[in-house]
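As you go down the protein sequences, you meet chains A and B in turn.
For the first sequence, the positions run 71 to 326 when this note's numbering is used.
For the second sequence, the positions run 71 to 326 when this note's numbering is used.
Hint data in this document are derived by calculation from the structure and do not stem from the laboratory.
Among the hints, a few may not be true.
Stated by the list, open to error - Chain A is nowhere near these chain B residues, computed Cβ spacing over 10 Å in every case:
{"#": "1", "residue": "Arg131"}
{"#": "2", "residue": "Asp139"}
{"#": "3", "residue": "Gln158"}
{"#": "4", "residue": "Asp171"}
{"#": "5", "residue": "Ser200"}
{"#": "6", "residue": "Asp221"}
{"#": "7", "residue": "Lys244"}
{"#": "8", "residue": "Pro293"}
Claimed, not checked - Straight-line C-alpha distance at most 25 Å; calculated BS3-like pairs for lysine-lysine:
{"#": "9", "chain 1": "B", "residue 1": "Lys326", "chain 2": "B", "residue 2": "Lys294"}
{"#": "10", "chain 1": "A", "residue 1": "Lys118", "chain 2": "B", "residue 2": "Lys118"}
{"#": "11", "chain 1": "A", "residue 1": "Lys244", "chain 2": "A", "residue 2": "Lys294"}
{"#": "12", "chain 1": "A", "residue 1": "Lys118", "chain 2": "B", "residue 2": "Lys294"}
Note that CB positions come from ideal geometry on N, CA and C, so glycine has one too.
Protein chains: 2
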Amino acid sequence: MALTVVKIGGNVIDHPSMLSQFVKDFSQLPSPKILVHGGGKIATELCKKLGIETQMIEGRRVTDRETLDVVTMVYGGLINKNVVAQLQSVQCNAIGLTGADAGILPAMRRAPRPIDYGYVGDIKIDEVRSETVKLFLEAGIVPVFCALTHDEQGSVLNSNADSVASAVAVAMSKLYEVELVYCLELPGVMQDIDNPESMIEEIDQASYVRLKDEGIVNKGMIPKIDNAFSAIRQGVSRVIIKHAKNLTNNTGTTIK
Amino acid sequence: MALTVVKIGGNVIDHPSMLSQFVKDFSQLPSPKILVHGGGKIATELCKKLGIETQMIEGRRVTDRETLDVVTMVYGGLINKNVVAQLQSVQCNAIGLTGADAGILPAMRRAPRPIDYGYVGDIKIDEVRSETVKLFLEAGIVPVFCALTHDEQGSVLNSNADSVASAVAVAMSKLYEVELVYCLELPGVMQDIDNPESMIEEIDQASYVRLKDEGIVNKGMIPKIDNAFSAIRQGVSRVIIKHAKNLTNNTGTTIK
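Bound-form chain A, shown alone (with noise of 0.2 Å):
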C-alpha cells in the first residue's frame, strides 16, 4: 500500500497565510499520509524575548536546558497544536506527536564530543515504532510530527526535522510504499537557480554524480538530496523535492 509522509519547514510554518492553504492541499492528498514539521522562527524570537542566548555551531543550534523547554513548548506545543486543530478544521483527523509519544522516536543523546550539542537526539532508526504508526494510519489517522525526540531516560531531545520525516519514511517502507516529499521555497532543483523553467525532472545515482561533478547541484542542496539517495537505499520508494504551493500538482525533482 502507498503511503505519502510530506515535511514542510520553517517557510511554511511561519506565515499564516501559507500554512491555511497548505493544510487545505495537504488534506486533499489521499490517505494514508504523515505530516512533518519543521520549527521555523518562533523557536529563536521566543528564545530572545525570554533572554536565553541562542548559540550556533557550524550552522546547528547547540540546545541547552532552557532551550530545550523552549522548543517542547514551540514544536511540540503552539505549533504541534495550531497546525493539528487546522488540519481538523478541515475534516483531516491529525494527531499531533513527538517522538516520546508512544514512544515511536527512540534517539541517542549526540555525544558531547567533538563539539556538545547539548539535548539533541539521533534517531534510532530501527527502533522506531511503525507498528504503531501503522495503527493510527489504519484508524484514519494523520500522524504529524515535529522534530522532538526523546531518550527513553525521561528527557525529550531536540532532533532535525528532515532527519525525522526520513527516519518515519524509512521505518513505514518497511510496511508499505513510502513516497517522502520535502517541501522547499523552490519548485525542485533547479539546473540554474535564476532561471524557473530550469527544473530538473528526475534525478537518478549516475545523473546526480554528474550535476555535482558540473556544479549544477549547489552546496545547500547537496546534503538534502544525499539524504534523499540514503533514504532510498533504506527502502523508500522515492524522493519528490518540490515547493509547497505545489503539493497536490504533480510536479517537483523526483530522486529514485
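Put chain B on the given structure of chain A with help from the hints.
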C-alpha cells in the same frame, strides 16, 4: 472492563520531585488507565516574563489570543511532553494529547456574554471520541491529556482540567467501568481540616446533603463533589479524592 482516570493538578506538576514519584506510582497502576494533568504555575510565570497581563474574572483566567498561545505551549508542549517522556522512561507507553489530537475532545467556545473569557471551551460531552481512546487503550497506550480542547474550526481552546477529566471519564463509561481519581493536596474530604485523622471514607448523596447542611464540606470542596456526583449520574462508577502520594494506596474519600 475497569478503567482508571487519574487527574493531577499544579501541586504535582510544579514540584519535580513529586512529579517524578507520581510518574513511578502511576506507572504501577494496572492498565487500562488515563492521565489528565492541570497546568500549575508555569503558564502564569511565562505570561509574566513575556509581559502578558493575566486577567482573572471571578477566579477564572481570561484567555486572550496571546494567553492561548502561552497555554498551548506550556500545557500542550512543555508539561505534557515532559510527563510523557518521564512515563516512557518507566515503561509506561504514554501518548500526550490535547483535545484537538485525533479530534478527541470537541468543545464549544464559551459565549462572550455575560463575561468574555476568550478562547475557553466547554467540552461537547456527547461528541467525545471514546472509540479512538479505546483504540489506544487496547493497544496498551496510555493517553495523557492536558486541559486543551478544540473548536473544530481550527482553534485550540483552554478548558478546565477537572472538566476534561470528568468528560473523559463520563465518555469512557459507555465502554468501561470507570473509576475517576482526583489527586488533591489533602488525603481526602476532611471532617476537620486541621485533623489529618478526620478523613471521610465514603460520601453518598444522602450523607453529602448532611455534610453540606452541617457546614463540614467547605466552599472549595463543594464544586469538586458536585462535579463528582454529576460524573456518577452520567455513568462513572465511583470518584475517589485522595492525595497524589497515596495513588497506589487504597485510601481516600470514595464518592458514589
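Exclusion check [Ser200(B) not at the chain A interface, CB over 10 Å]: Ser200(B) is indeed farther than 10 Å from all Cβ atoms of chain A, at 13 Å.
Separation of Asp221(B) from chain A, once the least beta-carbon distance is taken, above 10 Å: violated (8 Å)
Chain A versus Gln158(B) - minimum CB to CB distance exceeding 10 Å, so not interface: violated (5 Å)
Non-interface claim for Lys244(B), where every Cβ of chain A lies beyond 10 Å: About 18 Å separates Lys244(B) from the closest Cβ of chain A, which puts it past 10 Å; holds.
Reported absence of Pro293(B) from the contact zone with chain A (all CB gaps over 10 Å): Holds, since 28 Å exceeds 10 Å.
Lys326(B) paired with Lys294(B) [C-alpha distance capped at 25 Å]: holds (13 Å)
Straight-line alpha-carbon gap Lys118(A) to Lys294(B), limit 25 Å: violated (41 Å)
Distal placement of Arg131(B) relative to chain A, Cβ over 10 Å: At about 17 Å from chain A, Arg131(B) clears the 10 Å cut-off, so the statement holds.
Distance rule for Asp171(B), whose beta carbon must clear each one in chain A by more than 10 Å: The claim is violated: Asp171(B) sits with its nearest Cβ about 5 Å from chain A, within 10 Å.
Consistency of the no-contact label for Asp139(B), given chain A and a CB cut of 10 Å: The claim is violated: Asp139(B) sits with its nearest Cβ about 6 Å from chain A, within 10 Å.
Holds or violated: Lys244(A) to Lys294(A), with C-alpha atoms at most 25 Å apart: holds (22 Å)
Given pair status - Lys118(B), Lys118(A), alpha carbons within 25 Å: holds (15 Å)
In summary, the structure is inconsistent with hints 2, 3, 4, 6, 12 from the numbered list given earlier, while agreeing with the others.
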